[in-house]
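K.L.:
Here is how the chains run, residue by residue.
Number of protein chains: 2
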Amino acid sequence: MEIEFLGTGAGSPGKFRNVTATALKLLPEINEVWLFDCGEATQHQILRTTIRPRKITKIFITHLHGDHIFGLPGFLSSRSFQNGDDPTPLTIYGPAGIEDFVKTSLRVSRTKLAYKLNFIELGEAGQIFENDRFKVSFKYLEHRIPCVGYRVEEKDYPGELQVEKLKELQVPAGPIYGRLKAGETVTLADGRQINGTDFIGSAKKGRIVTILGDTRSTPNIEKLAANADALVHESTYGKGDAKLARAYYHSTCIQAAQVAKKTGVRKLLLTHISARYVGPMVKTLQNDAQDVFKNTKVVKDFDVIQVPFQTNRGEAK
Amino acid sequence: MEIEFLGTGAGSPGKFRNVTATALKLLPEINEVWLFDCGEATQHQILRTTIRPRKITKIFITHLHGDHIFGLPGFLSSRSFQNGDDPTPLTIYGPAGIEDFVKTSLRVSRTKLAYKLNFIELGEAGQIFENDRFKVSFKYLEHRIPCVGYRVEEKDYPGELQVEKLKELQVPAGPIYGRLKAGETVTLADGRQINGTDFIGSAKKGRIVTILGDTRSTPNIEKLAANADALVHESTYGKGDAKLARAYYHSTCIQAAQVAKKTGVRKLLLTHISARYVGPMVKTLQNDAQDVFKNTKVVKDFDVIQVPFQTNRGEAK
Ligand SMILES: [Zn+2]
Ligand SMILES: [Zn+2]
Numbered sequence: 001m002e003i004e005f006l007g008t009g010a011g012s013p014g015k016f017r018n019v020t021a022t023a024l025k026l027l028p029e030i031n032e033v034w035l036f037d038c039g040e041a042t043q044h045q046i047l048r049t050t051i052r053p054r055k056i057t058k059i060f061i062t063h064l065h066g067d068h069i070f071g072l073p074g075f076l077s078s079r080s081f082q083n084g085d086d087p088t089p090l091t092i093y094g095p096a097g098i099e100d101f102v103k104t105s106l107r108v109s110r111t112k113l114a115y116k117l118n119f120i121e122l123g124e125a126g127q128i129f130e131n132d133r134f135k136v137s138f139k140y141l142e143h144r145i146p147c148v149g150y151r152v153e154e155k156d157y158p159g160e161l162q163v164e165k166l167k168e169l170q171v172p173a174g175p176i177y178g179r180l181k182a183g184e185t186v187t188l189a190d191g192r193q194i195n196g197t198d199f200i201g202s203a204k205k206g207r208i209v210t211i212l213g214d215t216r217s218t219p220n221i222e223k224l225a226a227n228a229d230a231l232v233h234e235s236t237y238g239k240g241d242a243k244l245a246r247a248y249y250h251s252t253c254i255q256a257a258q259v260a261k262k263t264g265v266r267k268l269l270l271t272h273i274s275a276r277y278v279g280p281m282v283k284t285l286q287n288d289a290q291d292v293f294k295n296t297k298v299v300k301d302f303d304v305i306q307v308p309f310q311t312n313r314g315e316a317k
Numbered sequence: 001m002e003i004e005f006l007g008t009g010a011g012s013p014g015k016f017r018n019v020t021a022t023a024l025k026l027l028p029e030i031n032e033v034w035l036f037d038c039g040e041a042t043q044h045q046i047l048r049t050t051i052r053p054r055k056i057t058k059i060f061i062t063h064l065h066g067d068h069i070f071g072l073p074g075f076l077s078s079r080s081f082q083n084g085d086d087p088t089p090l091t092i093y094g095p096a097g098i099e100d101f102v103k104t105s106l107r108v109s110r111t112k113l114a115y116k117l118n119f120i121e122l123g124e125a126g127q128i129f130e131n132d133r134f135k136v137s138f139k140y141l142e143h144r145i146p147c148v149g150y151r152v153e154e155k156d157y158p159g160e161l162q163v164e165k166l167k168e169l170q171v172p173a174g175p176i177y178g179r180l181k182a183g184e185t186v187t188l189a190d191g192r193q194i195n196g197t198d199f200i201g202s203a204k205k206g207r208i209v210t211i212l213g214d215t216r217s218t219p220n221i222e223k224l225a226a227n228a229d230a231l232v233h234e235s236t237y238g239k240g241d242a243k244l245a246r247a248y249y250h251s252t253c254i255q256a257a258q259v260a261k262k263t264g265v266r267k268l269l270l271t272h273i274s275a276r277y278v279g280p281m282v283k284t285l286q287n288d289a290q291d292v293f294k295n296t297k298v299v300k301d302f303d304v305i306q307v308p309f310q311t312n313r314g315e316a317k
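The listed protein sequences derive, respectively, from chains A and B. Take the first sequence: its letter number 207 is residue 207 in the working numbering, and every next letter is one higher. Take the second sequence: its letter number 294 is residue 294 in the working numbering, and every next letter is one higher.
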């Protein structure tokens with residue numbers, strides 16, 4: 001599980017940061033990439049990475065401002081050329097209006113996609129996706145227009161059968177290993193009773209990634225971020241700009257760091273950086289946030305951040 | 001007058017060529033820049049040039065395929081930030097549907113432009129713009145969807161009053177110079193009659209630039225290109241691919257060169273180059289066209305081509 005930042009700027013594209021797009025790479029897990037927002041020229045950014053467009057199966061849109069959606073029609077069209085014989089469907093999640101925008105763009109440009117495109121427009125906050133490996137939920141944030149944050153939760157990995165331990169006890173290999181793994185109690189030929197649950201290792205906790213849209217400080221951020229292994233938070237403003245941030249419905253680096261600290265986040269990734277911050281000013285933004293929450297990084301375009309499993313915060317069993 | 005190529009690729013953006021956009025820079029003439037097509041990330045390309053978005057007062061769209069229009073919403077939005085106190089209006093010309101696409105994009109993204117945006121959707125072929133310096137007309141080409149080519153004609157520059165010649169004849173300077181310049185016959189105090197038309201230099205012929213959309217070979221191209229100082233012609237296919245080109249409603253480099261030769265074009269600029277053509281193959285494309293029409297150039301992104309006045313083909317008087 002990795003997060004690759006495809007656009008880390010605010011508002012308009014600049015020379016150093018493109019407008020917003022964040023890829024959650026779930027390749028070892030499910031061989032898919034999920035995209036969060038898709039500003040103009042996201043497909044151009046993807047050309048410079050190893051991401052293959054057909055691996056992108058879901059796009060989660062946080063809000064409908066142009067710098068978060070104007071790359072959709074072009075990306076969707078180009079993805080159509082790069083699909084093989086068995087085109088992978090794609091689902092777009094986002095606030096009401098996203099379907100209108102995309103469908104108008106495709107209709108006017110007479111674009112026929114080779115793959116199936118689904119839309120799920122957001123209604124009441126809550127869970128919007130679940131399969132056997134992941135679930136995704138969202139809550140509303142506070143921006144000038146409806147805007148959400150997404151919380152992706154990986155399900156816990158079941159414990160492994162401790163085969164070595166069974167072999168030590170000379171429990172013969174065979175179909176009974178399957179029954180033991182399922183937690184059954186099995187009677188062996190020699191009369192011994194073996195309880196499977198005694199031989200299953202502890203479960204590995206799934207990871208949590210929270211990716212927010214543009215927002216000013218609001219209590220829902222804490223709920224979305226609770227215990228996240230990685231929190232992607234906007235940081236349009238710097239230390240001391242809390243009033244400006246509030247007025248323009250954005251956040252400061254300090255507010256982001258305070259949330260991370262309060263909610264047990266493991267890694268804070270600051271994005272949506274204004275073009276005003278260049279060179280050493282970016283370092284200052286990061287240092288100021290680190291004074292509040294140590295494990296903070298101001299990301300830049302093409303940064304790839306690993307989201308490792310937890311080893312220190314206890315196993316799930 | 002210069003033509004700056006902002007995107008010279010075909011279909012999808014590639015690593016070396018962006019999708020279509022061509023800027024006709026009329027800065028010394030009227031302090032404006034006119035854009036022809038606006039593929040995705042045209043605003044990103046503009047960031048790498050000296051073109052200021054607010055100087056762009058007209059955008060001419062040749063057809064509604066995504067690689068020619070998906071950069072519009074982003075460009076229009078960003079232009080709004082870069083306008084000063086007195087925002088310059090902008091007019092978009094293009095096939096029916098362009099207004100729907102742009103207005104839906106702006107409405108869904110809740111974008112309020114700081115300047116006035118006008119639309120002129122194309123109907124019957126003919127003239128669509130004229131002022132005291134330029135006129136623009138268009139004709140339909142042959143593509144899978146309605147697609148046009150534009151012909152921009154600069155009006156002739158009136159001849160200058162030959163002041164030196166008048167001074168030699170000791171015609172006294174003063175308001176009568178204005179009347180002479182207007183072509184009047186003036187009676188001097190000493191009784192001499194001076195005919196203004198005898199003292200007006202020859203007019204300087206205005207220039208003609210023709211910029212085509214995607215098209216297969218069709219007679220209207222010749223009408224649009226006649227005597228053009230510069231012809232911007234697509235060249236999606238190479239020599240020997242005429243059948244493919246016809247089937248896919250595109251042109252070969254040879255077809256473009258033949259038109260240029262036949263219609264008295266001065267400079268042929270080949271664009272809309274497929275990503276299949278890389279390195280030495282581009283040179284081959286150019287050489288093949290030059291065998292037919294010497295003054296041919298396969299352009300690349302950020303090429304700036306001068307369009308000089310004619311000196312050899314006679315003055316207009
Ligand atoms: Zn934004
Ligand atoms: Zn095209």
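Some hints here could point you the wrong way.
With beta-carbon atoms standing in for the labels, derived distance ranges [unchecked claim]: (1) B:Asn295 - A:Lys300: 57 to 63 Å; (2) B:Glu29 - A:Glu2: 51 to 57 Å; (3) A:Ala114 - B:Arg133: 44 to 50 Å; (4) B:Glu29 - A:Lys223: 43 to 49 Å; (5) B:Glu32 - A:Pro219: 48 to 54 Å; (6) B:Glu99 - A:Arg52: 31 to 37 Å; (7) B:Lys116 - A:Ala247: 50 to 56 Å; (8) A:Leu244 - B:Tyr248: 49 to 55 Å.
Short derived list, chain B residues pointing at chain A, Cβ under 8 Å [to be verified]: (9) Thr50; (10) Ser77; (11) Thr111.
These are calculated hints, taken from the structure and not from any lab test. The beta carbon of each residue, even a glycine, is placed where N, CA and C say it ideally should be.
K.L.:
Give a verdict on every hint.
P.N.:
Here is what the structure says about each hint:
1. B:Asn295 - A:Lys300: 57 to 63 Å: 45 Å, violated
2. B:Glu29 - A:Glu2: 51 to 57 Å: 52 Å, holds
3. A:Ala114 - B:Arg133: 44 to 50 Å: 47 Å, holds
4. B:Glu29 - A:Lys223: 43 to 49 Å: At 60 Å between Cβs, range violated.
5. B:Glu32 - A:Pro219: 48 to 54 Å: With Cβ atoms ~51 Å apart, the hint holds.
6. B:Glu99 - A:Arg52: 31 to 37 Å: 36 Å, holds
7. B:Lys116 - A:Ala247: 50 to 56 Å: The hinted range 50 to 56 Å is violated for Lys116 of chain B and Ala247 of chain A, with Cβ atoms some 28 Å apart.
8. A:Leu244 - B:Tyr248: 49 to 55 Å: 53 Å, holds
9. Thr50: It is violated, given that the least Cβ distance between Thr50 of chain B and chain A is near 14 Å, above 8 Å.
10. Ser77: 5 Å, holds
11. Thr111: This interface hint holds because 6 Å falls under the 8 Å limit.
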